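> Chain by chain, the residues:
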Amino acid sequence: MIELYRVNKEYSNGQTALKDISLHIPMGQMVFLIGESGAGKSTLLKILYKAEEFSSGRVLIGRVDISRLVDYSPLRRKIGLIFQDSSLLPQLNVFDNVAYILRAQGASEREIQYRVEGALNVVGLLDRSKDMTQHLSGGERQRVGIARAIVTNPPILLADEPTGNLDPVNSLKIFQLFREINEKLKMTMIIATHDPRVHQLKKRIIQLGNSQIIMDTEPSELPMFRSLTAV
Amino acid sequence: MMRLIRMLVRVFAEAGVGFIRSGWLNVVIVSILMSTLIVFGIMLQFSLSLKKVANNLLGSQSVFSIHLNESAKPQEVMTRLKRYKEVTNTRLISREEAWQEVNKLVQIDLDESLNNMPNTIVVTVKRPLDAPILIQKINAWQSEIEHISYAPNMVKKLNVVKNLLIILGTFISILLAIATFVINLNTIELVIRARKDELSLLRFMGVTNWFIKGPFVLQGILYGLIGSIAAGCILLLIDGIARYNWQKIAMEQFGLIELFWPSSGELSQILLILTLSGISFSSASSFWATERRLSI
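In the order they appear, the protein sequences are chains G and S.
According to the working numbering, the first sequence is numbered sequentially starting from 1.
According to the working numbering, the second sequence is numbered sequentially starting from 1.
Here chain S stands alone, though its shape is the one from the complex (with noise of 0.2 Å):
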């Protein structure tokens, strides 16, 4: 037992002896992998944030707003849509109301003149399958209504742009984690190959099969490690500096920032699938690249 410990803490060793020897590549294969997992990660925390706003739009699939032409009265289409049993509750936001907010949010006073907001109002259905079959019929009231925003559009849209965001990550990942495996393996080959007669001299004094290999795989995991750590830490520091700026901007006013930005738990796991991609794949590289070169 006290052997194979012994064992164990050599190759540990002499993986770092390995990783030492191997200079500049290091760093040229740790910044490799640091962008690709970064690119992985700024793709993981979009498609969450996205899917979470989605989500939050889904749930509020019972709610439409109707939003009124100039002509229309809005008490006369209040009560024709209280007549529907699927309508739970009807708010009007009046024309003024709706300029108020927008003075509010660009915190000038503009003339009413300019005000062309209109007459909206939200409704409230029991279930979110009444909401479609409901706007179907109320769409039939053309000279009274100008436009009836409904979530599920906007979910739609989102879905696309989440897909899309999903499939240019994906492609961007793929081509940077080939450019990191191809790299990574040759490195480890070309450090094999730089210590090929000491290798080939290793195995015919009988030294074991994983003695000779394990610390090129050992190397691998340890570029794994720094480069997700790297990646990691950047990512945090986007993160920081996103949040903070997005709070400054605007969006605290209205309390949306929790709505899609993922929460610490997240970001956690995010930084989790990192790490583990990261060593997993630099690992499987320098495993492949003793497989390839070292015959024992």
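One chain only, chain G, in its complex shape (with noise of 0.2 Å):
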């Protein structure tokens, strides 16, 4: 469970970036978080995995509260991070990108060898695990990122802007692949971005606008949309 209590969070400049937000996530729930550019999300985002520190208020993940930790570690193991960009490691091929977390983690080879094909089969990708990242397409390489980030079977997930490169179809497959590990892993997922066609998903949207929640839908007040495939 994700929890936040009147979270402030201004830079050193006096520019706001959060404003007094208020959240209850709980265990499993997929929630997007949307808004134009520069309305908060990343930084909500970045505040949840201690990227970035916040200026008042409480945030409590798993009834920890993450501001009176001093090792960050062992809150970021429980946390797969997909980025827009993919952040792969260019030098190391598909394998082995999905596999460096757990080699830090010093698990066998025998264990990474279970896990890594298991993600990999969860993205579509078992394939292409010998193949250099340079070689897959925007949309490939960012199935690599999924797979990364849920390798070590996390409780939470957490995407920043994961479909922004991507062209309108790859992002439709990209956000019914994290519909699917919702369903199959029942991972908290929080999902930053500014497509507007998330509505399709019928999961809870938080619409942030200048630096505060203007919007908070849980799935049953939804609209009912045409099916995401039609689109």
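A portion of the hints provided could be inaccurate.
Stated by the list, open to error - DSS-like, lysine-lysine: derived pairs with alpha carbons at most 30 Å apart:
no.: 1; chain 1: G; residue 1: K78; chain 2: G; residue 2: K50
no.: 2; chain 1: G; residue 1: K173; chain 2: G; residue 2: K186
no.: 3; chain 1: G; residue 1: K50; chain 2: G; residue 2: K184
no.: 4; chain 1: S; residue 1: K137; chain 2: S; residue 2: K82
no.: 5; chain 1: S; residue 1: K196; chain 2: G; residue 2: K46
no.: 6; chain 1: S; residue 1: K196; chain 2: G; residue 2: K50
no.: 7; chain 1: S; residue 1: K73; chain 2: S; residue 2: K85
no.: 8; chain 1: S; residue 1: K196; chain 2: G; residue 2: K78
no.: 9; chain 1: S; residue 1: K82; chain 2: G; residue 2: K130
no.: 10; chain 1: G; residue 1: K202; chain 2: G; residue 2: K78
What the hints assert, rightly or not - Per label pair, the in silico range of CB-to-CB distance:
no.: 11; chain 1: G; residue 1: P155; chain 2: S; residue 2: A284; range: 35 to 43 Å
no.: 12; chain 1: G; residue 1: P26; chain 2: S; residue 2: L4; range: 31 to 39 Å
no.: 13; chain 1: S; residue 1: C233; chain 2: G; residue 2: N153; range: 45 to 53 Å
no.: 14; chain 1: G; residue 1: P155; chain 2: S; residue 2: D197; range: 25 to 33 Å
no.: 15; chain 1: S; residue 1: N186; chain 2: G; residue 2: L126; range: 41 to 49 Å
no.: 16; chain 1: G; residue 1: N210; chain 2: S; residue 2: A179; range: 33 to 41 Å
no.: 17; chain 1: S; residue 1: A242; chain 2: G; residue 2: D131; range: 23 to 31 Å
no.: 18; chain 1: S; residue 1: I172; chain 2: G; residue 2: N153; range: 53 to 61 Å
no.: 19; chain 1: G; residue 1: R68; chain 2: S; residue 2: S280; range: 32 to 40 Å
no.: 20; chain 1: S; residue 1: L165; chain 2: G; residue 2: E52; range: 55 to 63 Å
no.: 21; chain 1: G; residue 1: E52; chain 2: S; residue 2: L236; range: 49 to 57 Å
no.: 22; chain 1: S; residue 1: D197; chain 2: G; residue 2: D65; range: 28 to 36 Å
no.: 23; chain 1: G; residue 1: L60; chain 2: S; residue 2: M2; range: 33 to 41 Å
Unchecked claim - To give a feel for the contact side, a few chain G residues facing chain S, derived at Cβ under 8 Å:
no.: 24; residue: Y49
no.: 25; residue: A51
no.: 26; residue: S73
no.: 27; residue: R77
no.: 28; residue: S87
no.: 29; residue: L89
no.: 30; residue: R103
no.: 31; residue: A104
Since the hints were made in silico from the structure, they are not lab data.
Computed from a predicted model, the values in this text were never measured in an experiment.
Heads up, the beta-carbon is just placed ideally off N, CA and C, and yes, glycines get one too.
Once you've looked at the hints, go ahead and assemble the two chains, each given alone in its own frame, into the complex.
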């Protein structure tokens, strides 16, 4: 469970990034964070994985007050991260990119093999495991990024504009993949995007504007849209 | 436990990858570190040699030599010396004997008419403390004495030379050490900057502090190890060549080589000091670079 109580973020130049944000995201929920550029979506995600500090308020992840943490590594190991540019290591192939975090955690080669193949299977890239990442398309690279994020089976998945560099067709495929992962693996997911079609996924949507929450809609409140595949 | 061992192995592997990626910068760092250690090693070797000479001379403080004037009668001077209770032994080296020694040294038979060597009396006293007092008394016999050779004067001069060498060597070593430190620091920082995105990604993935920083510190240790081994090899080579030539020139005839040349045990100590300083020095600069550039 992720809880935010009256969280504010102000930069040293006086600019406000987040204003009085309060949120409650239960375990296993998939949430889309939408809003224009500069609305505070990325800042909110960065606060959750401790890439940025908040100015005031309280943030709890699984009942742990993250402002009190001295060593962030245990928290970060519970969070899978997906970035807009996929941020893969260019000198490693698909398999080794996904396996990197497991190796850093001292997993055995047998465990690595099992987990990486499982993650690549989920994203549909098992047959490309030996390829270098430069030889993949944008959508495939993002899938590798997703496989890397889920390979440790973290309870939380945060994605910052994961489809920002993709064409509409690939974007939809990635969103579908997120939904499948959420349903299969029951991970809590927060996906920051400014793609308006996320309404069609019938998931919770939180809209930020002027550094504040301007809309928080539960799936049941969403109007029925056409099937996603028909878009 | 197995997990920890596997992590350690991977930290070492990452260090190796980092070393390979640094390319020619490795050669620059190792060369400068090696030069620093060679200067440091030579300085150590010299000061050790001079210390040995000084100690040997100090050990002969109970002995001094009186060089007599041409008009002085050696036997008379010896008899007068023997009257002092501090004197345990006197030995005359006549000007002819001294001339023979010179001929033997230069390996040429020089004409006796060229002999300007003085008669010399070598005096041994009971205690080293007696020597300066007795010399003061003997100095009063101005008409018979040309000069008195006493080791402590030489020791003082040697100590001055030794201290100058230490100061000079320390100064050069410090300069080179600062250069090595700065270059090593900058190289590691360059590597960190070049891999900034990758490293920030790793820390956001929850990779532990030491898994990220460890390889850089290990890379520094590797520089220190290679630099000190190279410096040690060059020092051994210099030592070998110098020892060979030294013996070849002349000193072996007097058996003086062991008097001031560092023994193999002392040389091993110098090499150990070099290795430890090289490793600690370069790993410290790498550690500092990670502390400055890698906020986890």
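> Against this structure, judge whether each hint is valid.
Checked hints:
no.: 1; hint: K78/G with K50/G; verdict: 12 Å, holds
no.: 2; hint: K173/G with K186/G; verdict: 19 Å, holds
no.: 3; hint: K50/G with K184/G; verdict: 27 Å, holds
no.: 4; hint: K137/S with K82/S; verdict: 13 Å, holds
no.: 5; hint: K196/S with K46/G; verdict: 17 Å, holds
no.: 6; hint: K196/S with K50/G; verdict: 17 Å, holds
no.: 7; hint: K73/S with K85/S; verdict: 21 Å, holds
no.: 8; hint: K196/S with K78/G; verdict: 23 Å, holds
no.: 9; hint: K82/S with K130/G; verdict: 98 Å, violated
no.: 10; hint: K202/G with K78/G; verdict: 26 Å, holds
no.: 11; hint: P155/G with A284/S: 35 to 43 Å; verdict: 40 Å, holds
no.: 12; hint: P26/G with L4/S: 31 to 39 Å; verdict: 36 Å, holds
no.: 13; hint: C233/S with N153/G: 45 to 53 Å; verdict: 52 Å, holds
no.: 14; hint: P155/G with D197/S: 25 to 33 Å; verdict: 26 Å, holds
no.: 15; hint: N186/S with L126/G: 41 to 49 Å; verdict: 43 Å, holds
no.: 16; hint: N210/G with A179/S: 33 to 41 Å; verdict: 54 Å, violated
no.: 17; hint: A242/S with D131/G: 23 to 31 Å; verdict: 59 Å, violated
no.: 18; hint: I172/S with N153/G: 53 to 61 Å; verdict: 58 Å, holds
no.: 19; hint: R68/G with S280/S: 32 to 40 Å; verdict: 36 Å, holds
no.: 20; hint: L165/S with E52/G: 55 to 63 Å; verdict: 57 Å, holds
no.: 21; hint: E52/G with L236/S: 49 to 57 Å; verdict: 55 Å, holds
no.: 22; hint: D197/S with D65/G: 28 to 36 Å; verdict: 30 Å, holds
no.: 23; hint: L60/G with M2/S: 33 to 41 Å; verdict: 34 Å, holds
no.: 24; hint: Y49; verdict: 6 Å, holds
no.: 25; hint: A51; verdict: 6 Å, holds
no.: 26; hint: S73; verdict: 5 Å, holds
no.: 27; hint: R77; verdict: 3 Å, holds
no.: 28; hint: S87; verdict: 5 Å, holds
no.: 29; hint: L89; verdict: 6 Å, holds
no.: 30; hint: R103; verdict: 5 Å, holds
no.: 31; hint: A104; verdict: 4 Å, holds
In terms of the numbered hints stated before, the structure departs from hints 9, 16 and 17, listed from lowest to highest.
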